[in-house]
Structure formats: structure tokens, C-alpha cells
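Novice: When you get a sec, could you build the whole thing from the sequences and use the hints?
Chains as they are written, first to last, in the working numbering: chain A, 467 to 806; chain L, -3 to 295.
Since the hints were made in silico from the structure, they are not lab data. Keep in mind that the hints are not guaranteed to be accurate.
What the hints assert, rightly or not - Not close to chain L: a few residues of chain A, all C-beta gaps over 10 Å, as computed: (1) ARG644; (2) ARG725; (3) VAL775; (4) LEU794.
As the list claims (entries may be wrong) - Result set (SDA-like, lysine to any residue): computed pairs, CA atoms no more than 25 Å apart in a straight line: (5) A:LYS650 with A:LEU600; (6) A:LYS619 with L:GLU190; (7) A:LYS650 with A:VAL681; (8) L:LYS101 with A:LEU518; (9) L:LYS101 with A:GLU519; (10) A:LYS650 with A:ALA638; (11) L:LYS101 with A:GLY481; (12) L:LYS101 with L:PRO185; (13) A:LYS579 with A:GLY542; (14) L:LYS101 with A:GLY480; (15) A:LYS579 with L:GLU190; (16) A:LYS579 with L:GLY198; (17) A:LYS777 with A:VAL741; (18) L:LYS101 with A:PHE479; (19) A:LYS619 with L:ILE193; (20) A:LYS619 with L:PHE199; (21) A:LYS619 with L:GLY198; (22) A:LYS650 with A:ARG539; (23) A:LYS579 with L:TRP50; (24) A:LYS579 with L:PHE204.
Heads up, the beta-carbon is just placed ideally off N, CA and C, and yes, glycines get one too.
Given next are the chains, with one letter for each unit.
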Amino acid sequence: MAGVEIRHLSKRFGGLHAVDDVDLSIREGEFLVLLGPSGCGKTTLLRMIAGLEQPTTGQIHIGGERMDDAPPRARGIAMVFQSYALYPHRTVSRNISFPLEALGLPRAAIDEKVRWAAEMFGIGRYLDRYPRQLSGGERQRVALCRALVRDPKVFLLDEPLANLDAKLRNTARDELKRFQRRIKTTTVYVTHDQVEAMGLGDRIAVMDRGKVRQVGTPQEVYEEPVDTFVATFVGQPPMNLVELQSALLGFRPEHFLPRDHFAAGEPLQSFPFAVRRVEYLGSDRYVYGTVGDGAGDAATVIAKLPATVGKTIPEGETVEFAVPRRALHYFDGASGVRRP
Amino acid sequence: MTHRRRFADREDLLGIAMLTPALAYVLLLVGVPFVLAIVLSFSTATAGSLSFGWAGFANYRAILTDPIFRRALANTAIVTIGSQVLVVVLATAAAQVFRAAFHGKRTARFVLLLPWAVPVSLAAIAWTWIFDSTFSVINWTLKVAGLLHGWLYWLGEPALALVAIIIVQAWRIFPFATVIVLAGLASLPQDVMEAAIVDGAGFWRRLFYVELPLLLPVVAVAVLFGVVYTATDLGVVYILTGGGPANTTHVLPTLAFQRGIQGADLGQGAAIAVFLLPFLIVVAILMLRLARHSEVGSR
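Specialist: See the structure below:
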């Protein structure tokens, strides 16, 4: 087991800074999620750790050893690709054994290891099948098995759940987390799905345009976003931002509730909320509308009302809504950086 | 405003109209000569007269007991298999080279394709100089390099002449095969190749355990084309050796030409030519099967 140290790492493709001077320290045994929109450089960063891309500048240390010049096979990493990248012409068992064959292990040792890994993921009875005969979830497990048998120091996972249907994704997420807790191998996980990031990560590194904006626990990232990018990228629906003099006022949709819902005496910030449309989603209602102080432009905001708030919200009317003062965030109007 | 369907709207008629020329072409220029060749192979027809007698299997019996024919049959197999083995190795290697990015790649690819564009007869004439008994470039080069101590009579010794024929046939087919393999390489899933890299496989392991198995259907297509081109080719052997020395390097097409046209024995010439047919049909079926069986991935 080992941690990963990334220092001043950059990757340029022509004039584009895909990864721009990233410093990141991944602790031993940690589950770190690289989260960001497509094109933010998270996959490029992962591929540089894997050794599939050569950094333009900067250093990568794995387990204390400098690795940015080492070939992928020498880095002690294993990778799971979004498409799983199974060898279509090999059976499941020959897929899992491939990295072991490359190591030149004796046949008996390979067979034993393959069986052990396959049992761990419950795919023992598919060993003689070909990838094309498996479902998406089964293929994903084969890919994990193939990564596991190498006894890697670091697992690199590139959106491994993206190709699963929504229902399966929840189970797979749970399995993945339990599996990682059990083997305690340092894991770097790339995703653009913030629900996955929040659910899986010990810590999340939020990336945008090649830079790491914030590294922190899911709670820190959600509750204390360092800037408006993190604030609006994490959370569904995103944080509302309302202009207030030179500053931006931010609040989460779930904190934006009808004023009479709050206990008397709680310090509140009130807004007249011009309701445009109400969306009924079963467990929640999303209320879309605008708030404005009458002077500036009206800002579009969303309120997320849990089913426990029974009040009827009439569309097309203005209702008094409020946010508790403790749930307010202030950001600089120009730079978007959080104000203390 | 008319509501009647025009000719262009009648897909049934339009289809027939558009298919007719192609069908006529195939029937008249491929089907008729093909049937004629089979009929001739059972006849006593000669080039000098219009007489047409039924010969039964006499022509086939005659050629089967003829040592020159047997030699030609064996040569056809040797040249075809030998050149295709060479082509597969060379094309795979060349495709690896052309996959890499380097300066002048476009030019190099253009030059690579040239042998395929050159008319067979012209190329073969150039090769007769390369293999010339006095001026052979190959011999002089080997001599200067100190690798050769006697002299090689390329087209004068039966075994060497066969080697020469194999080299020219391989040279002719190899560019086409390279292009096919290159296309196949480009269609391989990139992440599978990267998975193999991350899994610790070196170049040769990746080549033999991942790339080539995945390329098999594509290579099979290249070989199928190569086999058909080589086994039916008349020009290279005809110009290079003319079947000599002493009828030892004939292949079926040159022998058929010699017997049927130059020797005027149309019946026997046709029998020799038709002999290729079952051979090529089997090859085609085998190759197509292989391609289908090894088809992987999406299905």
C-alpha cells in the first residue's frame, strides 16, 4: 500500500492546459474521487498517474518513489476503464489471468489467484464465458477482478459505473465501497457524477479547467465550497446564487423554504419569491422562480421542498420565502471566491 | 398536378432497371466464359479448327498423369502459401511502423502503395533485371557485403526461381495487405490496448496475445484476397521465367496458357485452368468461416 504525491503536475495538448499545475496528496488507503465536468482534466490526471500520458512538467510519486518516468507496468497500479476494456477474444478466466501471465507466475498460482478473485466478486460461474456473453454489471466485476489480482499499490478507476443502468449503479456503488474498505488499497476514482463522488469518496478533489479547485471530505465540499464553481457543481439542484451589492449570496435549495415554515426567533434572510412553476417529484417538490430586490436583475432560483412541507405553492404568485442566516454563503462578486 | 406514380417512384421497376447492366456484365463477361471453360475442359476442341468433340474426362486424366502439370500444381500451392506467409509477416510489421507518427509518413505511405499501382507486367520486367544472371543487383550487393561467395542464378535454378517468384508475388500483394491491416489496427479499441499496457504486457505479448487475435478477421480477409490474386496470376511467372527452366516453375495459369493457347489444345488448357476452381472455393469458404468465427466484441 502506498500514497500518491502529485507535485506541480501539468499536461499541455498544443495550446490547451488539460492539467494545470496540480498539487495533490492522496493518503495511503484513501478513496479519493476526482470530480469535475467533462473536459476538466480529471481523466488526463488519472492517465498520467497510470503512465498512459506523459506529463509536460511536474512529478508523480507513488509509495514514496518517483514514478513519472516509469512505464505503467512498473508503477504498481491497476486501472479499470469506463468501457471495462476486457479482452473480447479471451474468456473471463483468461481475462483475469492476463496480468498474472505477464508477470510470469506459474500456472497453478495463477489459477488459484483467479479463483480467489472471482469468488470475491461472485463471478465464479462465469469463468469460461466470453465478455460478450456477460451483462454490463458482470463485465464491470470482471474488470475489477482483473485489476485486483495484480495486488496493486493503487487502484485507478475511470468512471467504472457510467455504463451501468441507474438501478444497478446504486448496488455497484455500495459493493465498490465495501470492497475498497475491505482491501484498503489506495484508490483514485474519476467521475462527473457528484452523487457517486459524495457517496464513495473519503475525500473529493473538485476539478475545473485543469485546476483542482477544492480538496475535502464530501461534507466540507458541500457545506463550505471555496468558490462559486464548487458551490454550483456539487449539489442537485445546484446552489442558488443571488447578487447582493458587490457580493454573491449563495444558499442551497433545501434551505430555501416558505417563511412561515421556520420557528419564530430564528435569524432569517427573507426573499419575495415569484413562483413560476412547481415540479412534483414524489419525495420532493422543486419550485422554480425568481427573487429580486426590485432594483437589479431578478435571479432565477430553485427551492427544494421535502414532502414534509405540506403548504400549497400557487404558480404565478409571489410567496414569502426565507433562508436561515447560518445557511448563507458569501462569495466575491468578481472572482467568485468564498468570503469569510 | 398529377397524382400518378412516376417511374422514379416505382421502386420495383427502378430496382430491376438499375440492376440489369450489372447483371448483364456479370453474366456475359464472367458467367459465359466460366461455363465455356468448363464445357471446353470436357471437349477435344483445338484452336485451329471449329470441330467440337466430347472427350469426357480424358483431358483431366491426361493432365493428372502429366508430371509437368503435377509440378505446376505443387508450384501454385508453394508460391501462394509462401508469398502469403511473407505478406502476413511483412504487412503486420509495416502496419506497426505506419501506426507510429513520424515525419514524411504520408510520402512513405504513398511510396508503399506504389507496387500495387504498377502494372504487373512492367513490374515483372523490372524484376527480371533484378534477378538477371549477369547484372543481378541482389548478387552484387551480397557480394560487396561479403555474404555471397559463389553466384546465384536466380531464374536459372528451379528452386531459386521459385523463391524469386514468391518474392515478386509477396512484393505485389504486400502493400494492399498493409493497408488492410492498418485499417484493422485503427479499428481496434484503444482502451483494450491501454488495458494491456497497464496489465504489464510488453510489446510482443501485446502483439501476439491481444493485437493479432483481434486482427485475425482482418488479416484473414487480406490473405483471402492475396490467395486469389496469387493463385490466378499469369503475368509474374510468364514474364519472369516463362515456366522455365525446363517447365519446372509453371503454375496452373501459365501452364493452361501454354497448353491451351500457345499449344492450341483448348480442351486440356481449359481443364488445367478449371482445376484451380475447387481449390479456390475451399480457400474462400475456410477464410470466410475463420473470419466469422473470430468475430468478437459487439456481438
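Novice: Indicate, hint by hint, whether the structure satisfies it.
Specialist: Checked hints:
1. The beta carbon of ARG644 of chain A is kept farther than 10 Å from every beta carbon of chain L, the shortest such distance being approximately 24 Å.
2. No beta-carbon of chain L comes within 10 Å of the beta-carbon of ARG725 of chain A; the shortest separation is about 53 Å.
3. With a cut of 10 Å on Cβ distances, VAL775 of chain A stays outside the contact zone with chain L, its closest approach being about 47 Å.
4. At roughly 45 Å, the least C-beta separation between LEU794 of chain A and chain L is larger than 10 Å, which holds for a residue marked as non-interface.
5. Note on LYS650 of chain A and LEU600 of chain A: the hinted pairing is violated, with a Cα-Cα distance of about 28 Å set against a maximum of 25 Å.
6. For the suggested pair LYS619 of chain A and GLU190 of chain L, the alpha carbons sit about 19 Å apart, so the restraint of at most 25 Å is met.
7. With a C-alpha separation of about 20 Å, the suggested pairing of LYS650 of chain A with VAL681 of chain A holds against the 25 Å cut-off.
8. The suggested pairing of LYS101 of chain L with LEU518 of chain A holds, with an alpha-carbon distance near 24 Å, which does not exceed 25 Å.
9. Restraint check for LYS101 of chain L and GLU519 of chain A: satisfied, since their Cα atoms lie roughly 23 Å apart, inside the 25 Å limit.
10. Restraint check for LYS650 of chain A and ALA638 of chain A: satisfied, since their Cα atoms lie roughly 18 Å apart, inside the 25 Å limit.
11. The straight-line distance between the Cα atoms of LYS101 of chain L and GLY481 of chain A is roughly 24 Å, inside the 25 Å bound, and the hint therefore holds.
12. At most 25 Å may separate the alpha-carbon atoms for a hinted pair to count; LYS101 of chain L and PRO185 of chain L meet this at roughly 23 Å.
13. Between the alpha carbons of LYS579 of chain A and GLY542 of chain A the distance comes to roughly 17 Å, so the proposed pair stays at or under 25 Å and holds.
14. A distance of roughly 20 Å separates the Cα atoms of LYS101 of chain L and GLY480 of chain A; the hinted pair therefore holds under the 25 Å criterion.
15. For the given pair, LYS579 of chain A sits about 23 Å from GLU190 of chain L by alpha-carbon distance, which is consistent with the 25 Å threshold.
16. With a C-alpha separation of about 22 Å, the suggested pair LYS579 of chain A and GLY198 of chain L falls inside the 25 Å cut-off, and the hint holds.
17. A C-alpha spacing of about 14 Å is found between LYS777 of chain A and VAL741 of chain A, which places the hinted pair at or below 25 Å, so the restraint holds.
18. Using a Cα cut-off of 25 Å, the hinted pair LYS101 of chain L and PHE479 of chain A holds, with the two alpha carbons roughly 21 Å apart.
19. Restraint check for LYS619 of chain A and ILE193 of chain L: satisfied, since their Cα atoms lie roughly 17 Å apart, inside the 25 Å limit.
20. Simply put, LYS619 of chain A and PHE199 of chain L have alpha-carbon atoms about 23 Å apart, close enough for the 25 Å limit, and the pair holds.
21. Taken as a hint, the LYS619 of chain A and GLY198 of chain L pair is honoured in the structure, with Cα atoms around 20 Å apart against an allowance of 25 Å.
22. Distance restraint check for LYS650 of chain A and ARG539 of chain A: the Cα-Cα separation of roughly 21 Å lies within the 25 Å cut-off, and the hinted pair is therefore satisfied.
23. Proximity of LYS579 of chain A to TRP50 of chain L is assessed by CA-CA distance (about 72 Å); at most 25 Å being required, the pair is judged violated.
24. Between LYS579 of chain A and PHE204 of chain L, the direct Cα distance comes to roughly 24 Å. Compliance with the 25 Å bound is thereby established for this hinted pair.
The structure is inconsistent with the numbered hints 5 and 23, although it conforms to all the rest.
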